[in-house]
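All chains, please: the whole structure from these sequences, using the hints.
Numbered per the working numbering, the sequence shown finishes at 334, counting up by one with no gaps.
Derived from the structure by calculation, the hints contain no laboratory data.
Predicted, not measured: the structure shown is a model, and the values here were computed from it.
Some clues are possibly wrong.
Derived lysine to aspartate or glutamate pairs resembling EDC-like cross-links, with alpha carbons at most 16 Å apart [unchecked claim]:
#1 Lys230 <-> Asp255
#2 Lys279 <-> Asp233
#3 Lys230 <-> Glu250
#4 Lys188 <-> Asp171
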Amino acid sequence: MVISDEPTGFQIEMTDSHVTVTVYSPWEKGQVMSQVQCPRHTAKYQRIVCTSATHVGFLHELGMKDKIVGVCDPSLIYSLTDEERQRITNIGTDIQLNMEALLMCQPDVVIMSTYAQDDERAKQIERLGIPVFYCHEWMESSPLARAEWIRVFGAILGCIDKADSIYSNVKDAYMQLKADSLKYKGKSIMSGMSWRGTWYVPAGGTYMGNLFRDAGAMYKYADNPSTSSIPLNMEQAIQEFAQADVWVGCEANTLEELATIDTKHTWFKAYQTGMVYNFRRRALPSGANDFWESGVAHPERLLKDMQKVLNGDTTELHYIGVLN
11 MVISDEPTGF
21 QIEMTDSHVT
31 VTVYSPWEKG
41 QVMSQVQCPR
51 HTAKYQRIVC
61 TSATHVGFLH
71 ELGMKDKIVG
81 VCDPSLIYSL
91 TDEERQRITN
101 IGTDIQLNME
111 ALLMCQPDVV
121 IMSTYAQDDE
131 RAKQIERLGI
141 PVFYCHEWME
151 SSPLARAEWI
161 RVFGAILGCI
171 DKADSIYSNV
181 KDAYMQLKAD
191 SLKYKGKSIM
201 SGMSWRGTWY
211 VPAGGTYMGN
221 LFRDAGAMYK
231 YADNPSTSSI
241 PLNMEQAIQE
251 FAQADVWVGC
261 EANTLEELAT
271 IDTKHTWFKA
281 YQTGMVYNFR
291 RRALPSGAND
301 FWESGVAHPE
311 RLLKDMQKVL
321 NGDTTELHYI
331 GVLN
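Printed below as a string of structure tokens:
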């Protein structure tokens with residue numbers, strides 16, 4: 011299966027003085043959802059509302075969090091300081107925005123992740139006279155392509171050169187780790203857990219499927235090109251993954267909790283050998299998780315974590331937590 015690390019959702023064109031950013035629809039090929047021309051060295055927007063923690067993560071990497079005036083549920087943002095949580099307005103959830111709170115922010119733009127071509131929330135915001143800029147980094151299936159969206163944020167905030175430098179360093183580090191991944195061949199991996207009778211696992215064409223491949227893991231569905239999750243029942247999961255060496259992505263904090271959710275979880279080799287991990291190492295009691303912030307901007311750190319656990323090394327992990 012041929013995998014591309016190039017982003018599919020945006021295009022950036024630059025001159026000496028300006029940057030033009032075009033964001034395409036993930037659902038209708040070639041359909042433009044956002045297009046703006048920005049000064050190359052001056053921020054186009056000064057007051058920004060973000061609807062996703064990932065957007066805040068990119069702004070944090072660029073040193074631009076001071077431009078954020080509103081977010082969806084600040085308690086779910088890992089990188090915010092206490093002072094920032096007090097300053098920044100809570101505009102509700104990404105599913106149910108508080109339009110009154112949004113208006114009080116007086117934003118220059120709302121950066122939105124949408125889940126369909128026609129999003130009624132975005133239309134409502136635009137009817138209020140507030141520009142919407144679409145960001146669909148979550149639709150990219152390559153870890154590097156998802157990380158490259160930092161260039162979009164750099165473009166609209168007058169720091170494209172800084173964003174390019176950050177991404178270039180990330181890509182170089184990621185590609186070097188990927189080249190080193192041959193040493194991890196032979197270790198098999200499984201993902202997720204049973205929830206209400208269904209166990210969703212990533213297909214080979216997904217973000218996680220590509221991460222497994224780049225880490226050098228053996229994965230049952232590596233050759234499945236789908237970019238969606240695959241639903242299994244417990245019997246299928248046992249059949250496919252009972253002998254997997256490493257288990258990642260559990261929504262549990264301890265082995266005991268995992269067994270309480272479903273006693274059949276204890277039947278897996280990885281459970282019995284203690285090679286079970288979640289993505290909660292950098293998480294807060296509120297539910298905020300840096301995996302969805304700096305973890306998106308820095309897939310090289312996540313790839314290094316993955317290679318370590320494949321090798322049985324649990325020291326100095328960044329995003330991956332060990333169940334005990």
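| request: Mind checking the alpha carbons of Lys279 and Asp233 for me, to see if they're no more than 16 Å apart? | output: 23 Å, violated
| task | Take a quick look at whether Lys230 and Glu250 sit within 16 Å of each other, Cα to Cα. | result | Given pair Lys230, Glu250 holds - Cα atoms ~7 Å apart, limit 16 Å.
| said: Tell me if the straight-line CA distance from Lys188 to Asp171 falls inside 16 Å. | reply: This hinted pair is violated, its Cα atoms lying about 25 Å apart.
| request: Given the hint that Lys230 pairs with Asp255, test it: the Cα-Cα distance must not exceed 16 Å. | output: Holds: Lys230 and Asp255 sit about 12 Å apart, inside 16 Å.
Figure legend: structure checked against the earlier numbered hints; hints not met, in rising order: 2 and 4.
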